[in-house]
Amino acid sequence: MKNTTLSLLLLAAVSASVPALAADPIKVTLQNHKFTPAEIRVKANTPSVIALTNKDATAEEFDSTALKVEKVVAGNSSGNIRIRALAPGRYPFMGEYHADTAQGVVVAE
Amino acid sequence: MLSALLIVFREVIEAGLIVGIVLAATQGVPRRGQAVSGGVLAGVLGACVVAAFAGELAALFQGNGQELFNASILLLAVAMLTWHNVWMASHGREMARELKAAGHDVVTGKRTLAALGVVVGVAVLREGSEVVLFLYGIAAQGGTTSAGLLTGGALGLAAGAAVSALMYFGLLTIPAGRLFQVTSGLITLLAAGMAAQAVLFLQNGGYINVLGGTVWETSWLLRESSIPGRLLHTLIGYVEAPDGAQILAYIVTIATILLLMRLVGKPVARTRPQPAE
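Protein chains in written order, with this note's numbering: chain A, 1 to 109; chain B, 1 to 277.
There may be inaccurate statements among the hints.
[Said to hold, decoys possible] Within a straight-line C-alpha distance of at most 25 Å, the following computed SDA-like cross-link-like pairs (lysine to any residue) qualify:
| id | chain 1 | residue 1 | chain 2 | residue 2 |
| --- | --- | --- | --- | --- |
| 1 | A | 27 | B | 235 |
| 2 | A | 55 | A | 76 |
| 3 | A | 34 | B | 75 |
| 4 | A | 55 | B | 49 |
Source of the hints: derived by calculation from the structure; they are not laboratory data. From a predicted model like this one, the values you see are computed outputs, not experimental measurements.
With the hints as extra help, turn the sequences into a complete structure.
Here it is as C-alpha cells:
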C-alpha cells in the first residue's frame, strides 16, 4: 500500500514536469461495477491522467461533477480521463450507470 | 426501478427542456411539428448509433473522439441557436406586421425551423446515447430485476416528456407579444451554457489548457448533480465551480448573440414599413 502510494506520488511528481498528454496514467480498473483502487491519490495542483480499464461487459460513464469529467468507457475497453490540476481535497467520482457500487474518490494532496 | 427512473429522468431533462423551448419559440410556425419530431427521431437514431459504437468513437483522435464529438455537436447547436435568434431579430418586425395585417400564421419563421430541428436532434442525441447505454447494460445483465428497471426507464422517459410539456405550456401562458422576447432570452442562455459545456469537453480532451482554475464555487448553495441543479445547468448553464475558460465562453456567446441581434435588428427598426416579401 505504502509502495503504491509512493509510486503514485512519484508518478504525479514526474507528470508535473511534462505536459498532461505525456503524463504516465494512473491505472484504475472497473470490474463487477467497482473501481480498483477506489481511492486515487494525486499530487495537488498538478494535472494527471486516469487510465480506466472497464473489465465489465457493459459500458460505464465515469462521472464526477467535482472533477468536471464525464466520460463513457465501453464494455471490455479502456479510456483515458484527464484530471486537471486540483486544489488539495477529496473529489468523489462514480460510475453513473451503477452508482450504488461504482464509487471512488480522487484525493489531491 | 426507482433508481432507473431517476437516472433516465436526469438524462432526458435536458432534451425535454430544449424541446419545450423550441416548441414555444416556433409557436405559430407551420410544419414546426415535422422539424421537431424529425429532430427527435434523428436524435434517437443517432443516439443508438453512438451507443453502439461508443468504443470505436472513443478510440478516435488518440482517445479523444468522444470529447471532440461532444464539443463539435454542442458548438453546432450553439451556431444554430445563434442563427435562429439573429434571424428572428431581423425578421421579427415583419412577422409582427404580417400577424397584424393578415392575422394568420407566421410563415417567415420556417427557415430557422431546420436549425432548431438540428438543436433538438443534438440534445436528444447527447442525452439519448447515455440512456441507451444504461438501459442496454440493464437488459444485458438479465435476471428478474430487468423488467422493473426497464419499467423505471420507460417512466423516466415519460417524465422527461412531461418536462417538455410543462416547459412548453408554461411558456405559452406568456402573452404572445412578449413570448418572442422570452424565448430569445432563453435561447441565448441555452447557447451560452452549451458553449461553456463544449469548452469543458475541449479541456477534457486536452485541447484547451488555459484559464483552467476554478473562479468561484457554489456547490454549498446548489449542487449541480441535483435535479434543480441539472435543470438550471440546462436552462442557464449553471455550473457549481466554473473555471475561467468556461466563464469566458459563456460571456462571449451571450455578447456575440446580442451584438448580432442588435446589428441586424436596427435597420429594420429604423426603416418605414415595407411590403412583405
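Verification of the hints:
The suggested pairing of residue 27 of chain A with residue 235 of chain B is violated, with an alpha-carbon distance near 36 Å, which exceeds 25 Å. Distance hint between residue 55 of chain A and residue 76 of chain A is fulfilled; the C-alpha atoms sit about 5 Å from each other, no more than 25 Å. With a C-alpha separation of about 34 Å, the suggested pairing of residue 34 of chain A with residue 75 of chain B is violated against the 25 Å cut-off. Under the criterion of a C-alpha separation no larger than 25 Å, the hint pairing residue 55 of chain A with residue 49 of chain B is consistent with the structure, at around 22 Å.
Hint check: violations occur at hints 1 and 3; the rest are consistent with the structure.
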